[in-house]
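One rule links them: number in the working numbering = place in the sequence shown (from 1) + 39.
Heads up, some of the hints might be wrong.
[Stated by the list, open to error] With a straight-line cut-off of 35 Å between C-alpha atoms, the simulated DSBU-like cross-links for lysine-lysine are:
| hint | residue 1 | residue 2 |
| --- | --- | --- |
| 1 | LYS281 | LYS61 |
| 2 | LYS142 | LYS113 |
| 3 | LYS312 | LYS281 |
| 4 | LYS61 | LYS107 |
| 5 | LYS312 | LYS107 |
[Said to hold, decoys possible] Now the in silico label distances, taken between C-beta atoms and shown as ranges:
| hint | residue 1 | residue 2 | range |
| --- | --- | --- | --- |
| 6 | PHE51 | GLU315 | 18 to 24 Å |
| 7 | ILE158 | PRO64 | 16 to 22 Å |
| 8 | ALA241 | TYR289 | 21 to 27 Å |
| 9 | ARG163 | THR237 | 54 to 60 Å |
The set of hints was computed from the structure by calculation and includes no laboratory data.
Where a beta carbon is used, it is the ideal one built from N, C-alpha and C, also for glycine.
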Amino acid sequence: MYYRFTNRQDIFIPAMITLFLKDYPRGFSFPGELHDFWECVYVVRGAVSVSADNRVYELTRGDIVFHKPMEIHKFHVDEPQGARLLIFSFDMTGEGAAAFRDKVFALQEEERHVVEDFIRYLARHDGTEGAARGWYLTVSNEGAIDVAVAVSYITQLFLLLRQSETTRTPSRVSEAAAFSAAADYLHAHVCENPDTDTLCRAVGTSRSGLKRLFRRYADMGIHEYFLHLKLRYALVMLRDGKSVTETAAYLGFSSQAYFSRAFRRTMGYAPSKAREQIP
């Protein structure tokens, strides 16, 4: 007798967006950004300081961080020998995707082997135009790799990680903790417009100290960070069916026109098109 065992595809990657393997020197700082797709940063060699919304992590070889859609994130390299990073971004759907929100994993042996096999696959394309610069997905050179093969490696890794308990906790360094407290305050008051002095009092630091924290951990000014945070909440509201007018008013924007300009500048499309952009 034969049985059919259903393949529950609760992790599905319909598209890859970027994929690159690069060496970064000490002192390199990747600008803070946010986008409406997932991104992973895996440390092949060295160490990096990674910011993910209100959390800061110190990652070393074998660690991987998941940046969920619309998460404000950046990284900084402090290691004297620099760092080699495998970075890839993608759309991900399915019930299993929720398991990776706000997660950082320390890969175990079986999981590391999957990544090592993936990197060896990429190494076979080192002669291509894109790979010569560390990029494996380029519009002008679509044949550099087989996207389906890349997705198969990544999906295998994610399926193994889904049940992993080897997660990393945020940094407890005092400056990282102060940044986390400031970001938490802005999250809690996203519908308001607290000024810098109010935020300083809430966190217990000076204006110059607060600005330094946001530059280090978000690579943004305080007001720019808060605007990005509001836009993230706006995207959720718009996709839930709220109107542009209702969303702008609820999040404390001075006018609908200003909200629409800021949204379009950051997201690349008008807020009225937000529901059409769901992956």
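Taking the hints in turn, this is what the structure says about them:
1. Pair hint LYS281 plus LYS61 does not hold up; C-alpha atoms about 41 Å apart against a cutoff of 35 Å.
2. A distance of roughly 15 Å separates the Cα atoms of LYS142 and LYS113; the hinted pair therefore holds under the 35 Å criterion.
3. Between LYS312 and LYS281 the CA atoms are separated by roughly 12 Å; this keeps the pair inside 35 Å, and the hint holds.
4. The suggested pairing of LYS61 with LYS107 holds, with an alpha-carbon distance near 22 Å, which does not exceed 35 Å.
5. As the CA atoms of LYS312 and LYS107 are separated by approximately 21 Å, the hinted pair is consistent with the 35 Å bound.
6. Checked against the hint of 18 to 24 Å, the pair PHE51 and GLU315 passes, with Cβ atoms roughly 20 Å apart.
7. Checked against the hint of 16 to 22 Å, the pair ILE158 and PRO64 passes, with Cβ atoms roughly 20 Å apart.
8. Judged by the Cβ atoms, the range 21 to 27 Å given for ALA241 and TYR289 holds: they are separated by roughly 22 Å.
9. The given range of 54 to 60 Å is respected by ARG163 and THR237, whose C-beta atoms sit roughly 55 Å from each other.
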